[in-house]
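2 protein chains.
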Amino acid sequence: MTTDPPSPHVVLLAGGVGGARLADGLARALPPDHLTVVVNTGDDFRHLGLTICPDLDTVTYMLAGVNNDETGWGRVGESWRALDEAARLGGPDWFRLGDLDLATHLARSHWLAEGETLTAVTRRLWAGFGAGFGAGPVVLPMSDAPAPTLIETDTGDVLPFQIWFVRERWQPAVRRVVLPEDARATAAVIRALEAADVVIIAPSNPFVSIDPILNAYPIRALIEDVPQAVVAVSPIIAGQALKGPAAKMMAELGLAASAAAVAGYYGHLIDGFVYDQQDAGMTAEDGLALLCTDTIMRGATGRERLAREVLAFAGEMLD
Amino acid sequence: MTTDPPSPHVVLLAGGVGGARLADGLARALPPDHLTVVVNTGDDFRHLGLTICPDLDTVTYMLAGVNNDETGWGRVGESWRALDEAARLGGPDWFRLGDLDLATHLARSHWLAEGETLTAVTRRLWAGFGAGFGAGPVVLPMSDAPAPTLIETDTGDVLPFQIWFVRERWQPAVRRVVLPEDARATAAVIRALEAADVVIIAPSNPFVSIDPILNAYPIRALIEDVPQAVVAVSPIIAGQALKGPAAKMMAELGLAASAAAVAGYYGHLIDGFVYDQQDAGMTAEDGLALLCTDTIMRGATGRERLAREVLAFAGEMLD
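Those protein sequence lines, which keep their order, are chains A and B.
According to our numbering, the first sequence is numbered sequentially starting from 1.
According to our numbering, the second sequence is numbered sequentially starting from 1.
Treat the hints with care, as some may be off.
To be verified - Below, a sample of chain A positions facing chain B; criterion: calculated Cβ distance under 8 Å:
#, residue
1, L89
2, R124
3, L159
To be verified - Far from chain A by the CB rule (all over 12 Å, computed), these chain B residues:
#, residue
4, G49
5, S79
6, A113
As the list claims (entries may be wrong) - Quick look at which bits of chain A chain B covers, simulated, 3 or more residues with Cβ under 8 Å:
#, stretch
7, 74-85
8, 98-106
9, 250-260
The set of hints was computed from the structure by calculation and includes no laboratory data.
The beta-carbon is built from N, C-alpha and C at its ideal position, and this holds for glycine as well.
Kindly generate the complete structure, drawing on both the sequences and the hints.
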């Protein structure tokens, strides 16, 4: 008689859309209390008086099933009365905040002003969307204190991330990504990593989604030093990012825009690398396990399929 | 041949609904650049991350013709998607912020965060509503720095104004209104008062709408010492306030709930007092000019009628 192996405890490091999609797939493939999603907060910012956490919201909306799948950000069934009127009054509207999305930022800003941590606020929001700890995956901000990512462009300007990413549509060429020296992971993140059997790095931007998480002390050290299986999924397919500036940034930072270059960038941090079938034949350093598959997550079925393949791949490393 | 007398320069001290209605009447009766409305900011507060200025907005919405005349606050044609969703997520919804109204608070909070003064922000909003300095009355906050009014209740609790007024529906009995010792009028308010021929005190709550304005140094001294005609309009009609807690507060503060008591409360600050025909026969201290008329402002016609009567009454004092 054979039995299924016990499900591993998984920590997913996630940025925005790619992270949210793999989080949803993993949530479908794992028991509810076996998945912790650690989310980049480096692109959080204050805007229109509110504290906005784009990656946390993209992940939460996806897991709660209220996300807009067409845009990849924001909520489905959204309306724009408040922001359009603010623009008519002369206010800025380059960051598109819908009426339903605003509710998240209003509630978050309220609780933060009352002294709650971002971790507690994220749990409250998650509960408000009908789930909660124990009833679904745990979604954690990498840090409770702001840890803003800055973009130094090739003209020497240093821009807050969202100014570069959204207002300037990530067009200014990047010379350097500037991460804060004092970023600290939360106790909840540290506990989750210490208890993890598998760490998965989502197909998110390595420089502005994953590096900010690794930069929050002591996340990189915990992942380097402990015996989990660490698997990254390539955000680059056939030299392009499915969405966002990853490929453009690689070229600007002097790297090849390829899956292999992503694997090389993560280096000894990872034990396994998942790349797309369009890049079949990719080679990597000795000792790095490779999985070549269809990494494009089409719908819930596609998200769960990739998650199960990644989990099986990581599971082999645990044996 | 006779000529009309030149229009006086008028400063109106205004709280919320009553102040907004008389402001609108005066705007209809005076040349555009002859009216300055100095608005109470004592009930401003931060809520859901935003800076909210209820009296400024009530006055601005009325003058811009976008106010909700049924409720007396907020905007006509309002919707509630953001706030209802925030409430569903567990956030507070006792202060009703509609989607259009939110636009004002979002734009204001944005500009304040950029370092602009509340005076400049109010001008920007006013311009956004299609008017502007020189093209309509000037609307000024009494102060640029926060000058919050607190309510000490008969149980000894000291509540922020909006907690008492809106969340607790002004039910806790008032022992004392606590005004800040360091409230300062803006330079624009001081200039307007120095240039005024007539100062009108709107039919607003004397304790929580007008006193906070008079408390902002040096407004009271400017009104006491300079030779304008100062006229107050009674907010009390037949022992009742048309709206709000004025009559209830008068009883709790040991005053009679009557127009005469309001006149007595303003004392030597005022030269004239306008009270309602329902209180016909009211007597006052020697030297106080009295005007008995219909003080209920029904629609735009009623607002302009009362404004013209008050202006004529004040005009007699200027001769």
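Hint check:
{"no.": "1", "hint": "L89", "in the structure": "holds (3 Å)"}
{"no.": "2", "hint": "R124", "in the structure": "holds (6 Å)"}
{"no.": "3", "hint": "L159", "in the structure": "violated (16 Å)"}
{"no.": "4", "hint": "G49", "in the structure": "violated (3 Å)"}
{"no.": "5", "hint": "S79", "in the structure": "violated (6 Å)"}
{"no.": "6", "hint": "A113", "in the structure": "violated (6 Å)"}
{"no.": "7", "hint": "74-85", "in the structure": "holds (count 6)"}
{"no.": "8", "hint": "98-106", "in the structure": "holds (count 7)"}
{"no.": "9", "hint": "250-260", "in the structure": "violated (count 0)"}
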